[in-house]
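2 protein chains.
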Amino acid sequence: MSIIVLGTVALDTVKTPFGKRRELLGGSAAHFSMAARLFTKVNLVAIVGRDFGQKHTSFLRSKGLNLNSLIVDKGKTFRWEGQYQGDLNSALTLNTQLGVLSVFKPRVSEEQRKIENIFLANVDPDIQEHLLAKMYSPKLVGLDSMNYWINTKRKELIKLLKSVDIYVANDQEARALSGETNLIKAAKGLCSLGPRMILIKKGEHGVLFYNKKFTFSLPAYPVEKVIDPTGAGDTFAGGFMGYLACARKISSCAIKKALAYGTVAASFNVEDFGLFRTSKLTRADLERRLAKFKDCFSF
Amino acid sequence: MSIIVLGTVALDTVKTPFGKRRELLGGSAAHFSMAARLFTKVNLVAIVGRDFGQKHTSFLRSKGLNLNSLIVDKGKTFRWEGQYQGDLNSALTLNTQLGVLSVFKPRVSEEQRKIENIFLANVDPDIQEHLLAKMYSPKLVGLDSMNYWINTKRKELIKLLKSVDIYVANDQEARALSGETNLIKAAKGLCSLGPRMILIKKGEHGVLFYNKKFTFSLPAYPVEKVIDPTGAGDTFAGGFMGYLACARKISSCAIKKALAYGTVAASFNVEDFGLFRTSKLTRADLERRLAKFKDCFSF
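These protein sequence lines map, in sequence, to chains X and F. Take the first sequence: its position 232, counted from the start at 1, is 320 in my numbering, and no numbers get skipped. Take the second sequence: its position 49, counted from the start at 1, is 137 in my numbering, and no numbers get skipped.
Some hints could be false.
No copy labels: a pair is met if it fits in one copy or bridges any two.
[Stated by the list, open to error] Once the Cα atoms are required to be at most 30 Å apart in a straight line, the calculated DSBU-like pairs of lysine-lysine come out as:
| # | residue 1 | residue 2 |
| --- | --- | --- |
| 1 | 313 | 243 |
| 2 | 162 | 129 |
| 3 | 368 | 273 |
| 4 | 313 | 247 |
| 5 | 202 | 103 |
| 6 | 250 | 162 |
| 7 | 243 | 151 |
| 8 | 380 | 337 |
| 9 | 368 | 241 |
| 10 | 273 | 103 |
| 11 | 337 | 382 |
| 12 | 382 | 222 |
| 13 | 241 | 276 |
| 14 | 313 | 162 |
| 15 | 103 | 129 |
| 16 | 151 | 344 |
| 17 | 247 | 276 |
| 18 | 337 | 193 |
| 19 | 337 | 164 |
| 20 | 241 | 108 |
| 21 | 193 | 301 |
| 22 | 313 | 345 |
| 23 | 164 | 368 |
| 24 | 301 | 380 |
Calculated directly from the structure, the hints in this document are not laboratory data. Bear in mind that the values here come from a model prediction, so they are computed numbers and not experimental data.
From just these sequences and the hints, can you work out the full model?
See below:
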């Protein structure tokens, strides 16, 4: 089953203890796609400016993505500049230039409106709602957001959550939206807002999954040399949703496997800048590391 | 195989968001023992003052501990007062009264000197060294310490680590002693100081195990209502060392199982104040929760 992802395609300038890279291809939807494409056909819904460059478009197409709904508009591509220090657990945003993102109205083809697996990666909740309203038969809808929207568009976000199956948040966002410090309580609170599954990403500390029937916790795959964590959460979501989109049934076993695939995909993402590592990733790479990861828990 | 644990037996006054309790029986060796006793005979090496109270001694004896080397000296029992806030991940020490701990010279019987499994829980490295020197045939030696000793007795601690098999530290301590931010790098650095196994406790984020052959990571068992985390790390070590003391071989499988037992034991510890929960714990309770925990990773 194919998947449609709405989000940003961006040019990222990133500084980490391992160096600085300028105008790397990035953005939530791009990172998500690099992992999800290993499982299923990915339809990208995003906007870029006229400055985006043919090489980036060709690159995304060469990864098998359907770019029919990638709008190229007059204006500049969304740019983000950030910096990581110390343990690389949180980014300091130095600069954000919305560019064409400020006028983004997602467009999808009739064919794409029939897609049942939908991921609303981090953009303005109004844009997320706009796309979701166009879809004919949502079956599995995931949503990611960020503190900025939790603070400025809380009402819109909470309304949108009623139509969502899976809410993906990092620990800070989960605490901010639920008002709870304990993450299991936070997850419970978020569940009561609508989504039947809550996925809390904790960076190097792994992930917590909650639904009314069970709570799962997985550590991150241990990576010694974290070069650039930008997009790790989106890559995680790509692996998770990509696997579930193909699963016959959303059983507890399928969810655990999806969490493991997401974890392993994210571990590749942080090993190099931008999409460098995940764009070269094969399903076989993923399976090999999954087997190693699984070995950590078999006793 | 029996085990000997050196550490503190204390009277703890603890304030958490769930209330305040005064002069609870606690201390590193007491918490360790409550988990280790579920696997093997535990010999407690510690000191208390004349104010300790017969009821505490009787209580510890009723838990099957060998108290032959629990010194009762003139003076006051070691007291610690601390407070937890917010996510309960770190304690704020409000008051420490060393009492008899300041004159502690561990004594062990001839019989106890033959014990091969030794855990040096958190006390002054000089006291830890003093006990270790008395032991005839150490086979598996674990050591825990704290930032205070890393800062004030670094040289002594580093010397002692050469005679230790397992160094148990929390993430802050591991970073402080190794000078590395990335925890895998920190573990590598600590390994080069002597111990062949490094165990980094990350509180609610679980544990990282490192030796030259493999790196394991386990999440914490998800606990919704953390009442009092005091002693969780010691309880973890008790479960871990207790299991290994009985294992026929320290294989990678035994280590994983020991990590899981430690994790599960610690999850009980945080569910109530002091030793309230772990002192009532049975091996059957532990096994039941271990099965649940294991289920998180079986996919």
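For the identical chains here, do residue 380 and residue 337 meet the 30 Å Cα criterion within one copy, between copies, both, or neither? both (25 Å within a copy, 22 Å between copies)
Give the relationship of residue 313 and residue 162 under a CA distance limit of 30 Å: within one copy only, between copies only, both, or neither. Neither way: residue 313 and residue 162 sit 39 Å apart in one copy and 53 Å across, limit 30 Å.
Is it within, between, both or neither when you check residue 368 against residue 241 at 30 Å Cα-Cα? Neither, since 37 Å and 49 Å both go past 30 Å.
When no copy is named, should residue 250 and residue 162 be tagged within, between, both, or neither for a Cα gap of at most 30 Å? neither (34 Å within a copy, 66 Å between copies)
Is the C-alpha distance from residue 162 to residue 129 at most 30 Å within one copy, between copies, in both cases, or in neither? within (28 Å within a copy, 76 Å between copies)
Pop the pair residue 241 and residue 276 into one bin, within, between, both or neither, using alpha-carbon distances up to 30 Å. within (21 Å within a copy, 45 Å between copies)
Is it within, between, both or neither when you check residue 337 against residue 164 at 30 Å Cα-Cα? Result: close neither inside a copy nor across copies, 42 Å intra and 63 Å inter.
Are the CA atoms of residue 313 and residue 247 at most 30 Å apart within a copy, between copies, both, or neither? between (40 Å within a copy, 29 Å between copies)
Classify it for me, residue 273 with residue 103: is the Cα-Cα distance of at most 30 Å met within a copy, between copies, both or neither? The answer is between: 21 Å across copies meets 30 Å, while 35 Å in one copy does not.
Is it within, between, both or neither when you check residue 247 against residue 276 at 30 Å Cα-Cα? within (17 Å within a copy, 48 Å between copies)
Go through the copies and call it for residue 193 and residue 301: within, between, both or neither, with a Cα cutoff of 30 Å. Neither, since 37 Å and 52 Å both go past 30 Å.
I want to check one pair: residue 151 and residue 344. Are their C-alpha atoms no more than 30 Å apart within a copy, between two copies, both, or neither? Result: close within a single copy only, 27 Å intra versus 39 Å inter.
Hint compliance for this structure: hints 5, 6, 7, 9, 12, 14, 15, 18, 19, 20, 21 are broken, all remaining hints hold.
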